[in-house]
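Work from the hints to combine the two standalone chains into their complex.
Protein chains in written order, with our numbering: chain A, 1 to 252; chain B, 253 to 335.
These are computed hints drawn from the structure, not numbers from a lab.
Keep in mind that a hint or two might mislead.
Claimed, not checked - A few chain A positions that, by computed beta-carbon distances, are all more than 12 Å from chain B:
{"hint": "1", "residue": "Asp3"}
{"hint": "2", "residue": "His165"}
{"hint": "3", "residue": "Pro199"}
{"hint": "4", "residue": "Ser220"}
{"hint": "5", "residue": "Ser221"}
Unchecked claim - According to the in silico footprint, chain B covers these stretches of chain A (three or more CB under 8 Å from chain B):
{"hint": "6", "stretch": "9-23"}
{"hint": "7", "stretch": "125-139"}
Said to hold, decoys possible - Now the in silico label distances, taken between C-beta atoms and shown as ranges:
{"hint": "8", "chain 1": "B", "residue 1": "Val256", "chain 2": "A", "residue 2": "Arg143", "range": "43 to 49 Å"}
{"hint": "9", "chain 1": "B", "residue 1": "Met323", "chain 2": "A", "residue 2": "Ser221", "range": "37 to 43 Å"}
{"hint": "10", "chain 1": "A", "residue 1": "Pro26", "chain 2": "B", "residue 2": "Met253", "range": "38 to 44 Å"}
{"hint": "11", "chain 1": "A", "residue 1": "Ala11", "chain 2": "B", "residue 2": "Met306", "range": "43 to 49 Å"}
{"hint": "12", "chain 1": "A", "residue 1": "Arg207", "chain 2": "B", "residue 2": "Ala263", "range": "20 to 26 Å"}
{"hint": "13", "chain 1": "B", "residue 1": "Leu301", "chain 2": "A", "residue 2": "Val70", "range": "35 to 41 Å"}
{"hint": "14", "chain 1": "B", "residue 1": "Trp278", "chain 2": "A", "residue 2": "Ala228", "range": "39 to 45 Å"}
{"hint": "15", "chain 1": "B", "residue 1": "Ile266", "chain 2": "A", "residue 2": "Val70", "range": "26 to 32 Å"}
{"hint": "16", "chain 1": "B", "residue 1": "Trp278", "chain 2": "A", "residue 2": "His140", "range": "30 to 36 Å"}
{"hint": "17", "chain 1": "A", "residue 1": "Ala49", "chain 2": "B", "residue 2": "Ser316", "range": "18 to 24 Å"}
Ideal placement from N, C-alpha and C gives every residue a C-beta, glycine not left out.
Single-letter residue listing:
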Amino acid sequence: MTDSYLYIIVALMPLSAAMLVFQTNPYHALIIRGVLGAMSALIYAVLGAADVALTEALVGTMLAITLYAVAVRSSMVMRLGILKDYLSDHIKEKDQQKDQPTPEPVLEPAPAEETVASSAQPPPPFETLLSDLRTVFRRHHMRIELYAYADSEALQQALMDRDVHAICLPTAALQEAVSAQGDRESLYRKPDWQSEPAPYQTITRLRRLYDIMNAELASSSTTLTLTAVGRSAPTSVSHAIPVSVQPLEEQP
Amino acid sequence: MTLVLIAMILALLIPMCEAWKDEDIWQTMLAFASIATKTSVMILVVSVLRDDWMIGVVGVIILSVGNAALMLLAHVIKRLSEA
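In isolation and in its complexed conformation, chain B is listed as follows (with noise of 0.2 Å):
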């Protein structure tokens, strides 16, 4: 299972690498939406790998509230790009 969590962090290493060199905005949030997601199933992974309720719990949390909050700056960003 660390081989599984370290493949994980692997591929969480993509979307950093492309949120740091890529000049669109949009791009960055797509890179931000790819890491706020695979940040919560590896939350979600390690509360299966101890068996622990609480952290799973907050890794649904955190998953269903970092798309909200990917919404709501992506509405921003949108307003603003129009101007």
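Extracted from the complex, chain A is given alone in its bound form (with noise of 0.2 Å):
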């Protein structure tokens, strides 16, 4: 224990535990565990504690990361749903290899002449706007998943039943379903879309969530929601447009 050496081996270890503490990213936090815990094993083994070492790097370093990677990866998301005739070819690609635990698969491949014939064609800023929203949510180290639903009310009813995150649907055919439900349109408050009308509309369910957008979005192309979702069972929610809407502000 008179080894000089020992004394800058184990001063390594609040070294690298000081490193991940400071350590904002999740990711790389999790890989300077990985480097807490190999400096670790090498204390343990040169103090003499070889089953500590073996367990530390057995345990520590390869089980613990690999469980805190999967758990990072599958909570740091946002679920944010979309009609099926705005995802492009490119955003399928992209999205192939993703495990889809909702009902409704991103992954249908939907034949390239019904896109075309589908009487509401995109408008051309949805790619910039999702870009927009990635760049936002990257930024808080979150990913977003995509989930294609067949029409608005489907995309609604996702979002009441805590599928998704967010939706972010057409203007045009949030106005459709509004006006379909027609008592029910009063309950919402008059955006500015119908002066101005942004090609998109964004609703979240999470105040977390609209206020990072609020906050960071730059896209003129959409505007924000944040709406309650009620307490009750999923399964008694039997109306397509949520009854609860409360605009509390939308983006210009």
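Pasting the structure below:
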């Protein structure tokens, strides 16, 4: 225990622990957790605790990192519901390898001519809006997963059922859905798109996501809405339009 | 032999500095690979120095397991960057 190098080696562990604590990116923090595990295994082995070193290397470095990586990857994600027509081939290719837990998978390969022949052609800035959203959420170390739904009613039902965190749909489709509901139309505050329509309407049910998008999303192609989803059982929601929509404010 | 170990510790500080400051996650992974291998080799050096076979076996196991953990983590991160 009187070897001088032991002091230097032992000092490496608080160094790497401080690196881990002060790291903000969760994926970098995972890797530095591996560094800390390697460092701890070195110290334990040098101090004579071979069994502890082996356990640290096997469990602390290998198993914990892998489990944490899976956990971080599956939790730091925003599920965005969109209409199926708006899923261009480019996005389909990018999402090809994703697992799809919800009943409406993205990956149904719609025939190209059907997309062309569909009446509602996506306005051009959707890709721009999507890339803006990805940029904003990448700053918060989050990813965006896309889920395609057939029509706007299914989209809003998915939001009510908490299948997705936010939905993005064209303003025209939302107007149709609202006017189809008739008496519930009065529950919406008339947003600004009556006078100057933004091509898309993004509705989220989570206040944190709304705050992030409201503060940082510079795109003018969407209006933002925060909707309140009740705590009741999702299966009891029978209407496709959220009754308790309370648009707080819209971004111009 | 102590000087050899101290030189190895100094070499260990280089990838730690890289893991601290670098923004690219693959650079951090490279630094992690470097650190994992260096620490295992240091365990082996200490075991040879002390003529302790128990520590030597642990060093060999850690040397091999570190690469497996690295491959698993790299696979998860690769899936992540594709998304």
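Status of the hints after comparison with the structure:
Look at Asp3(A): its CB is around 7 Å from the nearest CB on chain B, not clear of 12 Å, so calling it non-interface is violated. With a least beta-carbon separation of about 16 Å from chain B, His165(A) lies farther than 12 Å from that chain, consistent with its non-interface assignment. With a least CB separation of 26 Å from chain B, Pro199(A) remains clear of the 12 Å interface cut-off, as annotated. Its beta-carbon lying about 27 Å from the closest one in chain B, Ser220(A) satisfies the requirement of being farther than 12 Å from that chain.
With a least beta-carbon separation of about 23 Å from chain B, Ser221(A) lies farther than 12 Å from that chain, consistent with its non-interface assignment. Closer than 8 Å: that is the beta-carbon criterion, and the stretch 9-23 of chain A has 5 residues meeting it against chain B, so the requirement of 3 holds. Given as covered by chain B, the stretch 125-139 of chain A fails the check, having 0 residues with a CB less than 8 Å from a CB of that chain where 3 are the minimum. Checked against the given bound of 43 to 49 Å, the beta carbons of Val256(B) and Arg143(A), roughly 45 Å apart, stay inside it.
For Met323(B) paired with Ser221(A), a C-beta distance near 42 Å keeps the hint of 37 to 43 Å intact. Checked against the hint of 38 to 44 Å, the C-beta distance between Pro26(A) and Met253(B) comes to roughly 40 Å, which is consistent with it. The hinted range of 43 to 49 Å is not satisfied by Ala11(A) and Met306(B), whose Cβ atoms lie roughly 25 Å apart. Hint check: Arg207(A) to Ala263(B), Cβ distance near 49 Å, so the stated range 20 to 26 Å is violated.
For the pair Leu301(B) and Val70(A), the supplied restraint of 35 to 41 Å holds, since their beta-carbon distance comes to about 39 Å. Distance hint for Trp278(B) and Ala228(A): a CB-CB separation of about 42 Å, consistent with the stated range 39 to 45 Å. Distance hint for Ile266(B) and Val70(A): a CB-CB separation of about 30 Å, consistent with the stated range 26 to 32 Å. The hinted window of 30 to 36 Å between Trp278(B) and His140(A) is violated, with their beta carbons roughly 21 Å apart.
Checked against the hint of 18 to 24 Å, the C-beta distance between Ala49(A) and Ser316(B) comes to roughly 20 Å, which is consistent with it.
In summary, the structure is inconsistent with hints 1, 7, 11, 12 and 16 from the numbered list given earlier, while agreeing with the others.
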